[in-house]
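One line per chain: the protein sequences are A and B, in this order.
The C-terminal position of the first sequence is numbered 218 in our numbering, with every residue numbered one higher than the one before it.
The C-terminal position of the second sequence is numbered 1463 in our numbering, with every residue numbered one higher than the one before it.
For the record, the hints were derived by calculation from the structure and aren't laboratory data.
Just so we're clear, the structure is a prediction, and the values are computed from it rather than from any experiment.
Heads up, the beta-carbon is just placed ideally off N, CA and C, and yes, glycines get one too.
Computed far set for chain A versus chain B, every beta-carbon distance over 12 Å:
no., residue
1, A42
2, W60
3, E61
4, R64
5, D92
6, R118
7, E154
8, Y175
9, E176
10, D180
11, G204
12, T208
Here are the computed distance ranges between Cβ atoms for each label pair:
no., chain 1, residue 1, chain 2, residue 2, range
13, A, E107, B, P1443, 54 to 60 Å
14, A, S144, B, T1226, 58 to 64 Å
15, A, E107, B, S1189, 25 to 31 Å
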Amino acid sequence: MRVLVVEDEPDLAATLRKTLAESGFSVDVAADGEEALWQAEAIAYDVIVLDLMIPIVDGWEVVRRIRARGNRSPVLVLTARDTTTDKVRALDSGADDYLTKPFTLDELLARIRALIRRAAGSPAPVIRLGEVEIETSARRVTRSGAEVDLAPKEYALLEFLALHRGALVTRSMLYEHIYDDRDDSMSNLAEVYVSSVRRKLGHGLIRTCRGVGYIIDA
Amino acid sequence: MLRSLRSKLLAWYALVLVAVLATFAALAVWTVWQSGLRDLDARLTATASLLARAITLDSAGQYEVNLTGPGLAAFTVGDDGPYYAVWTSAGKLIDRSDPDIDATTLGAPQIRSRRGNREVIVAGDHGALVLVGSSLAQLRSDLWRTVLRFAMAGGVALVLSLGGGWFLVGRALAPIARIGETAEAMSVSNLGLRVDITRTEDELGTVATSLNRAFDRLQEAFERQTRFTADASHELRTPLALLMAEIEWTLARPRANGEYRSSLGICMKAAQRMRGVVEGLLTFARADAGAIELRREPVNLAHLVEEVASGLGSIASERGVIICVEGVPALVNGDPSRLRELISNLVLNAVQYSPSGGTVTCAISTPGPALRLEVSDTGPGVDAQDLPHIFERFYRANKARSRDSGGAGLGLAISKWIAESHGGHIRCDSRKGQGARFTVELPALDAIANGASGVTEERVQAS
Chain A
1 MRVLVVEDEP DLAATLRKTL AESGFSVDVA ADGEEALWQA EAIAYDVIVL DLMIPIVDGW
61 EVVRRIRARG NRSPVLVLTA RDTTTDKVRA LDSGADDYLT KPFTLDELLA RIRALIRRAA
121 GSPAPVIRLG EVEIETSARR VTRSGAEVDL APKEYALLEF LALHRGALVT RSMLYEHIYD
181 DRDDSMSNLA EVYVSSVRRK LGHGLIRTCR GVGYIIDA
Chain B
1001 MLRSLRSKLL AWYALVLVAV LATFAALAVW TVWQSGLRDL DARLTATASL LARAITLDSA
1061 GQYEVNLTGP GLAAFTVGDD GPYYAVWTSA GKLIDRSDPD IDATTLGAPQ IRSRRGNREV
1121 IVAGDHGALV LVGSSLAQLR SDLWRTVLRF AMAGGVALVL SLGGGWFLVG RALAPIARIG
1181 ETAEAMSVSN LGLRVDITRT EDELGTVATS LNRAFDRLQE AFERQTRFTA DASHELRTPL
1241 ALLMAEIEWT LARPRANGEY RSSLGICMKA AQRMRGVVEG LLTFARADAG AIELRREPVN
1301 LAHLVEEVAS GLGSIASERG VIICVEGVPA LVNGDPSRLR ELISNLVLNA VQYSPSGGTV
1361 TCAISTPGPA LRLEVSDTGP GVDAQDLPHI FERFYRANKA RSRDSGGAGL GLAISKWIAE
1421 SHGGHIRCDS RKGQGARFTV ELPALDAIAN GASGVTEERV QAS
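In isolation and in its complexed conformation, chain B is listed as follows (with noise of 0.2 Å):
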């Protein structure tokens, strides 16, 4: 792949390279053509030129053309040198200095390419017209020896060229290589494995940021993952070594009745707790697989608060806590079940961490469209470094306090959800030794206007 795209690169660069060697040679060649064309002319016509001043015509009328002047006699016969020939205007000829040359070649003045020669026709005194002609063979020799010389070069430059190409385009890559061997590298047991930045030239080195971030991403998605499987373990593993233990001890000989009962009694406590958590797991698993459907009913919220209330009354009243229910009539549209769910959540969380004598207030108040229900207690509140986590998944703020109200530390997490997924939220404040104010905020039903709606269901995700 990558060996490829280094090929590739320099294929490219190759090609474009010959192309503008090419073009550049082209023009350059065609430029010595033109200007050794030049030159050549140039001189045929100085020749010619005095050529046509050495005619004369005696009084025979016979045309006679003196070759001795200066410049005249580097004619000869055969040889790719200079020729000429000499015509009247009438077409009859003068003089030549070859014998294959003949009527044929005459033309108007002109300069012309002719066979292979360069010819310069000009008029000549006594009305003569003078052609003198060279062979092209040496401009095109010199031709050819530029071209071989460029060509020459070209293929020096071209091969220098791409040995640098692919050196540059393999020091260019070899971050890349670097990236897919780091990422190569990483696996679960190493997940902390990055890429090095420091080497690493200024796009590719975003690059390598972005996917370092993106790492470590991953490796906090996997250790939340973790931790949240090692909390689940740790959570169903107490109760059952719990379990097991009061068993092994109860069968370990003949026990009083009263030893075995108790012994139930704690069996049962235990394997309530894991009835807890699994229930809790539960949920979570179905949430997040948003396999969890959730009724859509009116639901009287004030009226779900009085039975939660009164259903843990005794447990209050056990630990000398008082719960207090204020409130107006608050129609939402929900889940009756997972409502009664979040509040009794809410409240017994309350009355457990509620000194006796404490108070436990749950207000109902609906201030805009959103419907506001408040429960606070009286207890030792939350310290501010637990605050923006009691709300996942297993945490405990205080485990010496929970484990000893039972709960695995989920109660607030399915709470969150269930708030969540009515399209409302849930906030935690509260101040070291001033109670905890647990809020909810959960779109009001306007009854009146939408008369009693139907019973809907809806599958939802857990955030």
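One chain only, chain A, in its complex shape (with noise of 0.2 Å):
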């Protein structure tokens, strides 16, 4: 899942670079607002974490604008304004979640998560597909009941397979989603990762459209 962090506090955004790499996310930062518009017209981010003070375009005006493109990425608002006002404001510009400064981590990926989820049509926080059971929050895959370790990027390839189950998922969506622009991918990578997600759940789950990409049946 591909997060884009919109925070002109350096330290912060660093901060929160590591918190999210680390929760499997793929992670680019922006640092103002017109970095942040730039960066989302050019990727489809899974969640856009967005401060409202931040230089050149604001906060509100960013969520407005991508909107008003018809981006529809989830944007959740992390932010020292905590006044109803700016949260009305806010929300109405288009933002899909409101989380004040200072918050807890653990709050901020619970919410990361949910709206992932949501945007994907599958609010359930445990995905099954057949014997197979992903358990999104603790990000923890079990088949047939045992647990299954999967490498961080091949969870990150097989939830983002199974939350658009049933859709065909190009190898450029897949590269866009897990990785990040700090990473040296590799195009033959994904099939590596899916090869080895085969390998520990079963060949039967992901079918491979040849050329074009892969998919989870329904």
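Combine the two chains into a complex, taking the hints into account.
Right, here's the structure in full:
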């Protein structure tokens, strides 16, 4: 899952980046509104974490503009502004959730996961794919009740495909959502991860559409 | 309150109206009475004159009164109508219309009122005296009728006027009620309410306008306070969020030594920033309450500037910025630690805004009685739109840049307070892209003339 963190405080941006990365997210950081708009245009982020008081273009305006462009990425506003007016304005501009600073990382992560589930149209925190169960909150995968150990990128790939079950996921979509701009990705890595997931969870789970991408059947 | 004002106004109105009506009525009644009396007198005098000529004296010395002449037939007996009496000049009764008339009635020729009667006495032919009288009862009853009419008309006029007055006063006071209602309805949540001026009469319109202006000022002050509180909370929450997130991340699982070190470094930075904000807020809180004691002692500004410049030397050289100090020794009467804070704020600001290879110049000069310190940099300058606001609390001209330097946006506001509490002022001249120049002017202390003045303390109020 790929997250854009828009935060002008460099230390806080760095902390958010390492926290989200540890939780299996691919993270990009934008330090001002203009950069955020540019990034959000280029990549279909799974979640945008947005500070309101940012330079050049403020957070309210960022949400308004990306929504005006038809961008559907869930936006979580993370800000020190805590008045009702600010919250209403942000939500009415098109934001999906609002969390005030100071916050706890647990809550932030839970909210991000909830936003991702809701955006994918599967609000249940546990996804069942036959004998395979994915517990998204704990990032745990079981097969016939037995826990299966997946590498972070393997899990990210499985979760993304599972959240989009029934839909074709192209390779480029996979790259976009499981890597961030810091990863030195190679195009054949997706195949490597897919085959190792198949080895651990069974070969029938992920179907290959040759030359295009992958699909988990609904 | 309003009701009583209405009643009071109306009571005064009624009082004045009654007084005016009463005076007018009294005057009118008096005039009616006088004119009635004049008419009566004229009639009586005419009758008396006729009677006077109707007296004959025969050869036997007997007086005779001939009442057959025109105008003399009206005398009746025992009625309210006119009566008469005729005497000789010696006081002997000749004739009378009424047996009740006796000698005591007689007097010199005159017109008089006696026992409710009007009497005219004139000298008649043959040395006789003639008295013609008439009761005043008729005139009195006429007069009472007039009084009654006036009273009735006055009463009706009073009732009508008071009714109209009540209505008019009510109408005139209605805008006051509206103003009251508006003021009553105003609260923190709807400070935007204003008195409706278009519907208000002139004088009250002025009052309403003044009130609205006062409301404007109140709202502005309130909003400024709210903004200040929001800014302060924002400036505290941001480093606090960082502190908490960083600690939470660090504690989530065992970390490498280097990670702990860097985490603690980040926490330290956040804590320092919070300290800066808290100290700034405290300074303002105490300055606003007038609770800051400023020391007063001769301070050499040039020394302070050199001290600050060398103190900031390492930060400047890290950023590749050169600090130049030029100028003459200059004494001011002030608080050395506050003045150092002022200079340090300005120089640090200039260093942080200067690009690598830039120069910060601190120049001291003494133009006239004032002492001038100019701190100029070769940085990006200040936007014209920001220039009027940069000395406001928490104002950030360029957020990204000043966030980088870790300032909370209070330094310049504090500098302004320090300059002004020393009887001086501070200003900034800048054009975008051409650097900024901050100028502080303080009253110079003429050390030679005053000698070494003792240290004094003084309470100062923030502007």
